[in-house]
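Undergrad: So the sequence lines, in the order shown, correspond to chains E, U and C. Counting from 1, one number per residue, gives the positions in the first sequence under our numbering. Counting from 1, one number per residue, gives the positions in the second sequence under our numbering. Counting from 1, one number per residue, gives the positions in the third sequence under our numbering.
Treat the hints as calculated values from the structure; they're not laboratory data. There may be inaccurate statements among the hints.
[Claimed, not checked] Here are the computed lysine-lysine pairs in the DSBU-like style, where the Cα-Cα straight-line distance is at most 35 Å:
(1) C/LYS90 to E/LYS392
(2) U/LYS98 to U/LYS188
(3) U/LYS17 to E/LYS336
[Unchecked claim] A short list of chain C residues far from chain E (calculated; beta carbon distances all over 12 Å):
(4) GLN43
(5) GLU82
(6) GLY83
(7) ALA84
(8) SER85
(9) GLU87
(10) GLU88
(11) THR91
(12) GLU95
We put the beta carbon where it would ideally sit given N, CA and C, even for glycine.
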Amino acid sequence: MLFNIGYLILVAALVLAGFGVVVGFAGGQQRNQRLVQSSFHAVYAVAGLVGIAAVILWYGLLTDQFQLTYVWNHSERALSNFYKFSALWGGQAGSLLFWTLLLSLYSVALALLNRRQHQVLMPYVNAVMLATSFFFLILLVFSANPFKQVAFIPADGQGLNPLLQNYWMVLHPVMLYLGYVGLAVPFAFAVGALLSKRVGNEWVRTVRRWTLIPWMFLSAGILMGSQWAYMELGWGGYWAWDPVENASLLPWLTATAFLHSIIIQEQRGILKTWNVVLIWLTYFLVILGTFTTRSGVLQSVHAFAISDVGPLFLGFMIIIVFGFLWLLFKRLYLLKDEQSIDSYSSREAAFLGNNWLFVSITFATLWGTFFPMFSEILTGERISVAAPFFNKVNGPLFLLLFLLMGIGPLLGWRRTGMKALRQQFTWPLIAGVVMGVAAIFLSPNPWPSIGLAVCAFATATIVQEFVRGVLARRTTNNENVLVAMGSLIRRNGRRYGGYIVHLGMVMIAVAIIGNEFFQQTTNVTLAPGTKVELGGYELTYVGLETNRASNRTEYGARLIVHDSDGKMVGSLLPLRNIYDKTPDMPTSEVGLRTTLLEDVYVLLNGWEGGGSTATFSIYINPLTVWMWIGGLMLILGTLIASWPHPVKRTTSVPSGAVAVAGD
Amino acid sequence: MTDTLPDVPVESVPATKAVLIWRAVFVLIPLVFIVFLAMRLGTAKSEHRAEGLAPPLEFTTFEGEIINLDDLRGQGVVVNFWASWCDPCREEAALLEKTWQREMENGIIFLGLDYLDQEPAAKAYLVEFDVTYPNGPDLRSQVARRYGIQGVPETFFIDPEGKIVDIIVGPITSQAQMDNYLDKIRPKEK
Amino acid sequence: MKIRFIPFIRILFSFFLFLTAFSVALAQTPTPTPDTSAISADQVNAVARGLWCPLCSGVRLDVCELKACDQMKEMIAIKLAEGASEEEIKTYFAEQYGPQVFGQPPTEGFNWLAWILPVVGLLGGGIFVWYGIRRMIRPQPGVTAAQDAPSAAADDYSQKLEQELSRYD
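Given the sequences, and given the hints that come with them, work out the whole structure.
TA: Written out as structure tokens, the structure reads:
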């Protein structure tokens, strides 16, 4: 009964969303205050309804209502409450409901925070957000009903996919969805700007924070996915260029490009057309990514089970492409450049270079991801495009990008004279060359040396910026170093927060270089008491340990780790989990010892005779922890950059002035 | 940086050729992409196995003999795709061999195509089940691709005129079932 | 000339029969596999790291746990024991399974497009941006921006800094 109501609630939300789209667009166009208010109410109402539907599904999960197909498919009695809760986004229909829930919450936040500002844009923004909700509600109501029931009540459910029964795997989709969904907001503003013909800096300035925050979540989500892959999948790596992984990366790339190029529009009033195209591309890639993971067009280890949502997605994508392009072409005459670029050695040019590289990487990744599909349709042959392709194509491009990331802050706006160039570039170049030369001794391969040199260069640039800034504040304000740093960050969070984000990216790059080029590995079978040596460590196998958990048995092989001096530095317990419901789908837990310099990473492959021998894969992964530290820097930097300051906005309209002529 | 107000006397200029070309590019590329996606969706649903006239089939057996389907016109041909690492294949291996022994004089021939496999493991498998009908590796999965198989085991029953009559996905476990399929491809008595 | 030799001929005949049967039997047994116990798992994995599982999507051979992949690794061990080089082993697998074991499209025929299009896109985009900037750069009649201040002193710099910082506010 309750679940039938749940379905009806979704239907009601669908209708209200449709209504909201209409009144939003109409109200915006006619500047009709009542219609505009209606659109706000629609946003709140849809959010409320979707929220209730989600709560009902959660109730079903937490109280083991196995007559619901979704609960039966993704939960079981023995599952812990934590995982029952997270099972909401463990399967197709539930995760679509979760997507819609987050979208509604974003829409509400957007509406509430802007109910007295941007009064011309907001009705359109509401309409676009509701249009997206409308699409997802169509999926839920017609194609992926989370409240589908059977006539009887099964005794127990199938259980949650073992790979999802992991802390990171619970958090990763949440972060990812918060990122994905949030990127609809800047797009909504872009559409609003175009429709209302207010294509100047109002929408760009507003959108900066509303892009930064989803970008931060998306970055965190991608990194958490990598973290999970590293800890759970047990191949010593964290990114496989799998289609679903690429699907999350593509909008991240264009969103990052967008974040940079709107700075140019703000400063110089150029690239207006490019910016709306870029954010449209981001939105399209978000929908494409959501489509790819659910429709079965691409083979992937991550994909959801194939369902019927595919054609509906294609329909929506056609609307996105044609609808937006039509709007863009109509408004193209308004998007003229106000000024120009004055020199190649300017920050604008560097940002354009940044955009060029980001878009090229996006295109190359998109092409590589979908090439097997093109190839199969056109030639009938199934070609696999995996890490070798992407590393060869994207590797050099990312290298150039990091170089540019170092160069950008060294250039001035408009132009940088020779003297300034020499001043700015000297120390970073020296740092880069020194690191490059030092790194040559580490590996015969030139690539890691070049990579590390570029990272050193970029780091030196950032450090130099901070040093100069602190020095400047000390001379003018006579502050001590810490206070100077603090006020730099507080006074100019955008710039210095950005630098911290860049620093985080450099750390991630260093971790990638370490893992990719300097990894050591071995595969051994050991009897208790015997040991193996790798990378200066000695690992001794002690024995097999068994532990019984609520829905699985954990088999662990104990290893004692000694360093080259013979000192004991750790005890590792790599695990194999055999789940009761799915014994042929075991999962592994890696035995991990992390230091700033390297990870000792052990996987239990198998064992004989209750532990009389055990087979291990052992990896020494240099510098991997810097990926996670870099991720934290990324988040810190973004928070600093997006921290709200009480700044006067000249474009905010007082609430009573909507109907004033000349608006 | 001022906002452009709607009353600014900027008019829509007729589009130049360059702009039109850009527009065409921007519209066509996503459109083509979506068309490809649609095509892929279409084929993902229907597993497009071969049907009608059996596609060309030629392979070299493990003993070095070249077998071509065209030479086998006039006989009923049973083409079985298998692999040594495939557990369900083991369920039907004995049945296939037994039926071959029984039917080899009756104008029925069994062919085994080894899919994505290694020779030592494959030969060990054949020895284990005493398989005597022609078996060979499907190099580069050429035949598998032409026949559109989605996995192993899959068995194609081809009649004496070269037409595919039945496709069985998964192991054939009963003799009765096997005889049922065989009867449809027996050469006609003169 | 005949009867006296019969017993001898009988023995000779059965000896030849035995020889034939023995060689036939010998021909039936598979060639003995080379001793792979000297090949370590690490040596196999070193080769396996350059290959991709043909049955999965994007799983490298050294980490693939499928039976088919185990057999491939056994094959690598056998070939290494026979003295084959890494190149030869990779070529062998490509002949068996097709180019999908390399995890990247081959550079021939239609698949060449996979490699060339990103390069074309990169270069095309680059040229477009380059000329776009060039078109925008108007000739400077002599007024260069104030950013060209020659002094490296902290005062000047801090002035610049304040100027720039205020632009962001």
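Undergrad: Next, verify each hint and record whether it holds.
TA: Hint check results:
no., hint, verdict
1, C/LYS90 to E/LYS392, "holds (19 Å)"
2, U/LYS98 to U/LYS188, "holds (23 Å)"
3, U/LYS17 to E/LYS336, "holds (18 Å)"
4, GLN43, "violated (10 Å)"
5, GLU82, "holds (21 Å)"
6, GLY83, "holds (22 Å)"
7, ALA84, "holds (20 Å)"
8, SER85, "holds (19 Å)"
9, GLU87, "holds (16 Å)"
10, GLU88, "holds (19 Å)"
11, THR91, "holds (16 Å)"
12, GLU95, "holds (15 Å)"
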